[in-house]
Amino acid sequence: MRRAAPCVHVEDVDVAFRTPDQVVQALSGVSLQVEEGEFVALLGPTGCGKSTLLRVVSDLTHPGAGVVEVRGRPAAEARRANEFGFVFQEPALLPWRSALDNVMLPLEVVKYPAAERRARCEALLGMVGLSKFLNRYPHELSGGMKQRVAIVRALAWNPSILLMDEPFSALDELTKNQLQDELLEIWSKERKTILFVTHNISEAVYLADRVVVMSAHPGRIVATLPVELPRSRDPGVRETLEFVQHVKRAREALRL
Amino acid sequence: MSERRAEPRESLLEKLAPPALILAAILGVWEALVRFYDVPPWLLPAPSDIAGRFVKATNLLYHTGLTVLEALAGFAASAVIGITLSALIVHSRFLERGVFPYIIVSNAIPIIAIIPLLTIWFGYGIAPKIMIASIITFFPIVTNTTRGLKSADRRILDFMHSINATRREIFFKVQLPSALPYIFAGFKIAASLSLVGAVVAEFYGSDRGLGYLVITSATQLRTDLLFVSIIVLAALGVTLFAVFGYLEKLALRGEAAAER
Chain H
1 MRRAAPCVHV EDVDVAFRTP DQVVQALSGV SLQVEEGEFV ALLGPTGCGK
51 STLLRVVSDL THPGAGVVEV RGRPAAEARR ANEFGFVFQE PALLPWRSAL
101 DNVMLPLEVV KYPAAERRAR CEALLGMVGL SKFLNRYPHE LSGGMKQRVA
151 IVRALAWNPS ILLMDEPFSA LDELTKNQLQ DELLEIWSKE RKTILFVTHN
201 ISEAVYLADR VVVMSAHPGR IVATLPVELP RSRDPGVRET LEFVQHVKRA
251 REALRL
Chain D
1001 MSERRAEPRE SLLEKLAPPA LILAAILGVW EALVRFYDVP PWLLPAPSDI
1051 AGRFVKATNL LYHTGLTVLE ALAGFAASAV IGITLSALIV HSRFLERGVF
1101 PYIIVSNAIP IIAIIPLLTI WFGYGIAPKI MIASIITFFP IVTNTTRGLK
1151 SADRRILDFM HSINATRREI FFKVQLPSAL PYIFAGFKIA ASLSLVGAVV
1201 AEFYGSDRGL GYLVITSATQ LRTDLLFVSI IVLAALGVTL FAVFGYLEKL
1251 ALRGEAAAER
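Line by line, the protein sequences are chains H and D.
For what it's worth, this note's numbering labels the leading residue of the first sequence as 1, then goes sequentially.
For what it's worth, this note's numbering labels the leading residue of the second sequence as 1001, then goes sequentially.
Only chain H is shown next, with the shape it has when bound in the complex:
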């Protein structure tokens, strides 16, 4: 029997940006397969094109060359089918909407049944411990709370793929670790495919099934490291020898 198409299929993708005085090769010959339900971390320094790769997958940036398919069809079609939930480094909430209304925003766009919107959003905010903050405005919430709202906003209409662009890098260490564990819990419950961009090595190892290491000038994939740590992971795993070895391997790949 033929294997099912991968969730994300990227093949030989090139992306170039023209700036006034030069052409920057943001991605060069990038190929990547992500299986359904897989958690993949894209790890690399600034300028290696990892964010661009997320944009290419979600059809926000069009590659100059190469193939991008999502669940067996072109990325543009997947975008029109609302397959992608995007989370950014900053929460990027609408300041004039309450937490609840911010999570409702995508449901107004993707034509989610109006009668079920409120219950759905309340449940999601409850899942990340914000039941008491439904009607608070973004400026009344802490950084971690705002990012939780942004995450459930990207889950609201139940998209199959979560695209996360350094979502925790602006948070303090404690909040970051807390949110990492919450994300793993959400992932194990909701069975999303996650593409997670980060420049934090231990974060990539802690979260992902596979760490894809990228390098800059031109942006390309230099190594793919499977993470052979048991699920479900808890903070204790960070102190194990295996974890440290994985981090070491990723660090060496980054130096290439």
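Hints are computed from structural coordinates only; laboratory data are not their basis.
Certain hints may be false.
As the list claims (entries may be wrong) - With the Cβ distance kept under 10 Å, some of the chain D side facing chain H (calculated, not the full set): (1) 1156; (2) 1158; (3) 1160; (4) 1162; (5) 1164; (6) 1169; (7) 1170; (8) 1173; (9) 1174; (10) 1251; (11) 1252.
Unchecked claim - With beta-carbon atoms standing in for the labels, derived distance ranges: (12) D:1094 x H:139: 32 to 42 Å; (13) D:1150 x H:80: 21 to 31 Å; (14) H:114 x D:1101: 43 to 53 Å; (15) D:1107 x H:185: 52 to 62 Å; (16) H:24 x D:1168: 28 to 38 Å; (17) H:234 x D:1246: 48 to 58 Å; (18) D:1101 x H:111: 39 to 49 Å; (19) H:23 x D:1091: 21 to 31 Å; (20) D:1094 x H:64: 19 to 29 Å; (21) D:1091 x H:111: 22 to 32 Å; (22) H:114 x D:1168: 11 to 21 Å; (23) H:73 x D:1076: 48 to 58 Å; (24) D:1091 x H:37: 34 to 44 Å; (25) H:135 x D:1013: 31 to 41 Å.
Cβ coordinates follow ideal geometry from the N, Cα and C atoms, glycine included.
Based on these hints, arrange chain D on the given structure of chain H.
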């Protein structure tokens, strides 16, 4: 925090008392000097004379109403046309490049110079006054609205694109609300300008309105009436500014300035 909250409760009297006292002092000195040196009323009328004229002035309400009508009509036309044009500009690079130079030129033309032209075309009625009020308010409304529409968070726009939102949804759910603080800033500038436009237009060929009142009372050396007109205009300007400030607060409640 609680101390800061407690302040407004005692503040209204505290806020109003100092400026009121200073005003009373100035008026008192003014009145005394005019009486003591016997200054002729055409040069500087005493505050009590101005107050008397204010009470006796016939048709003051009529002139005021007409000027306010011209100013607000011009303002409203400008707001509708200006915001629509801004919406088109942010959606079309061609329009932005093609139209913006002329918007800037329109601001450079001295408004006083085109009043005679509009009078030739549209006569001495209310129409050219509304047009002047509209032209003078156009620039701050268009530039502020355009800047506001462009201020929308780039990542939110990406998010909206990633869920295949339509231009219309992006405009009404993200860009327009993002622009509201800028639009209100433009409105507050435009509100006082619209009065200036209407009054200046009335200077040239008009037989009614506060501008007409200012010009005729000046040429006839009815200085007390001139003061009355100026005071009414100042009060109108302050009122319009306060109204838009209040509407702004109403529209932006729930948002913190720090968030922007």
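Now for the hints, and whether the structure bears them out:
no. : hint                       : verdict
1   : 1156                       : 5 Å, holds
2   : 1158                       : 6 Å, holds
3   : 1160                       : 7 Å, holds
4   : 1162                       : 5 Å, holds
5   : 1164                       : 5 Å, holds
6   : 1169                       : 6 Å, holds
7   : 1170                       : 9 Å, holds
8   : 1173                       : 7 Å, holds
9   : 1174                       : 7 Å, holds
10  : 1251                       : 9 Å, holds
11  : 1252                       : 7 Å, holds
12  : D:1094 x H:139: 32 to 42 Å : 38 Å, holds
13  : D:1150 x H:80: 21 to 31 Å  : 26 Å, holds
14  : H:114 x D:1101: 43 to 53 Å : 45 Å, holds
15  : D:1107 x H:185: 52 to 62 Å : 57 Å, holds
16  : H:24 x D:1168: 28 to 38 Å  : 34 Å, holds
17  : H:234 x D:1246: 48 to 58 Å : 54 Å, holds
18  : D:1101 x H:111: 39 to 49 Å : 41 Å, holds
19  : H:23 x D:1091: 21 to 31 Å  : 28 Å, holds
20  : D:1094 x H:64: 19 to 29 Å  : 25 Å, holds
21  : D:1091 x H:111: 22 to 32 Å : 23 Å, holds
22  : H:114 x D:1168: 11 to 21 Å : 18 Å, holds
23  : H:73 x D:1076: 48 to 58 Å  : 50 Å, holds
24  : D:1091 x H:37: 34 to 44 Å  : 39 Å, holds
25  : H:135 x D:1013: 31 to 41 Å : 35 Å, holds
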